[in-house]
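Peer 1: Chain A is already provided as a structure; the job is to place chain B on it using the hints.
Heads up: the protein sequence lines correspond to chains A and B, in order. To convert, note that position 98 of the first sequence is 98 in the numbering used here; the numbers rise steadily by one, no gaps. To convert, note that position 158 of the second sequence is 301 in the numbering used here; the numbers rise steadily by one, no gaps.
It is possible that some hints are incorrect.
Here are the computed distance ranges between Cβ atoms for each label pair [to be verified]:
1. B/His232 / A/Asn13: 31 to 39 Å
2. B/Ala182 / A/Thr132: 30 to 38 Å
3. A/Glu22 / B/His232: 36 to 44 Å
No lab work stands behind these hints, which were simulated from the structure alone. Positions of the beta carbon are idealized from the N, C-alpha and C atoms, including for glycine.
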Amino acid sequence: MIVCVAVVGHQNNPLYIQSFTEADDALKLHHIVHCSLDVVDERVNNPKKTGPLLNETFLGLLYPIENFKVYGYLTNTKVKFILVTTDLDVKDADVRNFFRRFHAAYVDAVSNPFHVPGKKITSRTFAERVSTIVKSFGLSSAV
Amino acid sequence: MVREVSESCLDNLLTEVVSCYCNRFYPNKHDLAARRIEAIGYQVGHQLSERYTMERPRFNDHLEAIKFICKDFWLELFKKHIDNLRTNHRGTFVLQDNKFCWLAHMSIDPLADSSKSADGSASPTAGNKATHAMKMHLYFPCGILRGFLSNLGILCAVSADILTLPTCAFTIRIKA
Numbered sequence: 001m002i003v004c005v006a007v008v009g010h011q012n013n014p015l016y017i018q019s020f021t022e023a024d025d026a027l028k029l030h031h032i033v034h035c036s037l038d039v040v041d042e043r044v045n046n047p048k049k050t051g052p053l054l055n056e057t058f059l060g061l062l063y064p065i066e067n068f069k070v071y072g073y074l075t076n077t078k079v080k081f082i083l084v085t086t087d088l089d090v091k092d093a094d095v096r097n098f099f100r101r102f103h104a105a106y107v108d109a110v111s112n113p114f115h116v117p118g119k120k121i122t123s124r125t126f127a128e129r130v131s132t133i134v135k136s137f138g139l140s141s142a143v
Numbered sequence: 144m145v146r147e148v149s150e151s152c153l154d155n156l157l158t159e160v161v162s163c164y165c166n167r168f169y170p171n172k173h174d175l176a177a178r179r180i181e182a183i184g185y186q187v188g189h190q191l192s193e194r195y196t197m198e199r200p201r202f203n204d205h206l207e208a209i210k211f212i213c214k215d216f217w218l219e220l221f222k223k224h225i226d227n228l229r230t231n232h233r234g235t236f237v238l239q240d241n242k243f244c245w246l247a248h249m250s251i252d253p254l255a256d257s258s259k260s261a262d263g264s265a266s267p268t269a270g271n272k273a274t275h276a277m278k279m280h281l282y283f284p285c286g287i288l289r290g291f292l293s294n295l296g297i298l299c300a301v302s303a304d305i306l307t308l309p310t311c312a313f314t315i316r317i318k319a
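Bound-form chain A, shown alone (with noise of 0.2 Å):
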């Protein structure tokens, strides 16, 4: 299940959090994807040999914390989506599909004239499609 989505500009400005839990521990999730700004500038910068290459934009899983995974997408325009998910078997199939169809909502988010780049994202038809696209998470590999 995912717990947490987020949105972060390229200089690691937030412009969308959203937390899909009933706990209120949306300070811990914020805290978790601030952490995980540092391992994706890392990769980055630092490629593996054995991970993804040094330009594609997802990046994979970033690191597990207590009984979280976390997972990064870094698009051409320095934009970072973060994903916290609790599931314990994850397909990486699933998550990319995730991240092609929450890179597609971002694109259409931004490309409202309204939209001021570098501000938070406050559409709500935004809010709609994420929440959309998390409840199917992992669906499709339940089938």
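Peer 2: Coordinates of chain B only, in the frame set by chain A:
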């Protein structure tokens, strides 16, 4: 080749934008009008860069980004490639388009040319005015290029020259 309605709409809109900014909003301040038009282009380029770099892996260096502009980006915007790319390998790139579609329907008034032989002093201003008017139409695509590159993290200055209608060249100077 079939021409889409939206292409004609965009052509007319851009012509009207330039005319509005130059004649109505900032009547004698052409620099200010040019900067405003370029800023509109900047925002458009910013947003287009998110959309068109979505499917691609990240660029390794500036040259790859410029080559992407010449091939894929220009193809998406104008249904053709850039015809000629030159670089001095020190941060300056010149992109030449031999038939830039937003200049394709423009022409210089032939009366201005014929008055060249009659009155030498009047024609340079008439010819200059025409080139100046056409140059105003190039600020928007310059803004698009600058916005596109700046969203990729490449700060640059973009300027355009008209060689012979409808050929034009965009010069991108990357700030080191």
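Peer 1: Against each hint, give a clear statement of whether it holds in the structure.
Peer 2: Tested hints:
As the Cβ distance of B/His232 to A/Asn13 is approximately 34 Å, the hint placing it in 31 to 39 Å holds. Taken as a hint, the range 30 to 38 Å holds for the pair B/Ala182 and A/Thr132, whose Cβ atoms sit roughly 35 Å apart. Taking 36 to 44 Å as the suggested C-beta distance range, the pair A/Glu22 and B/His232 does not conform, at roughly 58 Å.
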